[in-house]
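Peer 1: So the protein sequences, as listed, match chains A and B. Numbered according to my numbering, the first sequence spans residues 1 to 67. Numbered according to my numbering, the second sequence spans residues 68 to 577.
Calculated directly from the structure, the hints in this document are not laboratory data. The model shown is predicted, which means the values in this text are computed figures rather than measured ones.
Below 25 Å or equal to it, Euclidean Cα-Cα: the simulated SDA-like pairs (lysine to any residue) are:
1) A:Lys56 to B:Trp494
2) A:Lys56 to B:Thr129
3) A:Lys56 to B:Lys561
4) B:Lys561 to A:Asn57
5) A:Lys56 to B:Met353
6) A:Lys56 to B:Val357
7) B:Lys561 to A:Asp59
8) B:Lys561 to A:Tyr53
9) B:Lys496 to A:Gly3
10) B:Lys443 to B:Asn205
11) B:Lys561 to A:Val54
12) B:Lys496 to A:Met1
13) A:Lys56 to A:Ala6
14) A:Lys56 to B:Phe562
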Amino acid sequence: MVGVTAAIVLSGIVLIGYPLYIHEAGDGVTLLTYTGLLWGAIITASAMVHEYYVTKNEDRETTGKNA
Amino acid sequence: MTAENIAVSLLPLQNGVTPEVADSATAVAVVVAYFLLMIGIGVLFVKRAHASTADFWIAGGTVSLRVQVFAFFAAVVSGGTFFGIGGMAYGFGLGAMAVFLSAILGGLVFMMIFVAAPMRRAGVYTVPDYLKLRYNSNAVRIVAALLFATFSWAYLIPQLTAAGITIDFVLPNVGYGAGVFIATVVFALYVSVGGMWAVTWTDFIQGVIVMFVAVAPVPFIIWDLGAGGSISAAIANDPGFGGTTAPGLFLVGLAVTWVLAPLGLPYFGQRILSSDTDRVARRSIMWVSVVYLIVFTLMGVFVSAGAMAIEPNLADADYFYYAVLAEYAGPIIQGFGAAALFAAVMSTTDALLIALSASLGHDIPETMGIDLDERKETWLGAIITWTGAITAAWVALSPPSIIALMITLVAGAAASGLFPAMAIGTWWKRANAYGAIAAMLAGTLTYGGLLAFDVMAVENAEVLVSVPVGIAALIIGSYATARPGPKELRNFQKFHEKKPDQSITTQADD
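I would like the entire structure built from these sequences, with the hints used as guidance.
Peer 2: Quick look at the structure:
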């Protein structure tokens with residue numbers, strides 16, 4: 001849980017904060033658009049990793065108790 | 068499709084143009100058929116919904132994963148997202164859209180890892196009920212119920228605004244105001260008769276519809292303009308479209324709001340409680356985040372780009388989807404598009420109405436010692452549903468802002484008022500009832516005060532102050548008063564016991 005939370009928060013600070021910090025301007029697709037969507041992909045992947053580990057641990061506990 | 072048979076025009080309205088449907092009769096027939104289907108589902112579940120209070124408020128806590136994924140997706144989408152994601156791109160550029168979309172995902176995932184399983188394990192009917200068990204305090208339950216009812220009601224306003232815009236698109240002669248009231252009557256009707264059972268099954272159908280219809284225009288846009296061409300054409304019409312024209316502090320506030328808000332938004336909690344098990348509650352949110360990312364990245368990028376390429380001068384950014392439908396689709400597809408918009412709006416509105424009526428019809432009477440039998444409680448819930456819907460519709464006649472900003476406003480209040488007590492309190496043993504009440508009041512009042520006196524220089528930045536104030540109030544209030552007693556800690560322990568795939572009997576009335 002701590003790892004997933006850290007991954008989401010830190011990636012958010014880097015991927016949203018940095019493009020806003022450098023405050024680019026232009027008439028094309030800018031860095032914030034790419035990094036913003038990348039942040040979404042990282043969040044979703046983190047959710048899947050978290051669920052995988054929680055389920056694995058729960059099942060292991062159940063199997064251990066039943067054995 | 069030729070310009071002749073599209074027969075849809077972008078008519079000038081006030082400061083811009085607003086799209087209208089090609090063949091109103093056909094599109095209306097599709098929408099009416101959809102309304103009848105939803106009301107029919109409500110009627111189908113009358114008996115089951117009124118069998119017990121658990122059935123009315125949380126569908127007996129038995130909703131399976133497959134149904135819950137789409138029902139949850141529909142509830143998350145809402146009129147705010149359906150219009151809001153693309154509307155944000157149309158109004159503020161793709162960069163703002165990307166931040167908005169990803170922050171909502173972050174909030175969903177935080178809800179999944181922090182509160183979904185503990186809350187479901189509590190086996191209660193409502194979120195204020197859960198907070199009462201956590202803090203062993205009726206006062207916490209009353210304050211939480213009042214906040215939940217207030218936020219649910221306020222969140223109804225942008226949803227009904229979206230419904231009014233949709234009816235204005237399909238039936239321009241009826242107009243926006245009458246549209247709001249027609250939608251209100253349909254929503255309140257099936258919620259009040261079918262309870263959470265009707266809400267769950269209509270949400271399931273609506274989730275499937277929304278998923279497909281949201282991305283339906285994408286192939287047409289790519290076929291016509293090309294994948295990169297649509298974005299280039301949009302940038303040609305608005306040079307800021309590829310990035311963002313929004314201030315940085317606005318985007319930071321937007322991100323913080325939506326990362327924290329789902330932990331405090333009433334209708335998400337109600338859906339978690341209806342899950343069959345704690346694992347279903349968690350896993351449904353995980354799959355929702357996957358579907359949400361794919362569907363709304365495609366929609367947010369290509370449909371808003373298509374709209375900007377077609378018409379850069381829409382009267383309201385929220386019209387972007389209809390502008391694309393008007394250009395590329397015939398009346399039947401336009402009718403389905405309108406029905407999908409209703410689906411998005413209805414799925415959140417009905418969940419909000421349930422959360423509103425549960426807070427006022429279940430939590431407050433029970434806390435005050437008013438003994439209502441199950442029949443009286445469900446009928447009180449129905450009356451509250453109608454009252455809340457009609458009063459929100461009245462306010463929605465003159466919506467104060469675009470939909471994305473309205474939902475963010477309410478989400479900011481939920482994040483400020485409920486996040487510390489809900490999320491931190493679920494995991495921090497030392498948190499007690501005094502700290503929770505202090506956090507709810509301090510967060511909400513700070514947020515309200517900053518808004519009322521227009522203190523912040525940039526919109527959406529209020530949460531950057533009010534959320535830390537709420538967290539500080541939780542910590543100071545808890546440390547300044549006695550440690551939680553054994554009963555509070557017993558419940559706390561129970562919420563964190565991992566019992567995989569174990570159905571939990573609801574015990575709200577303990």
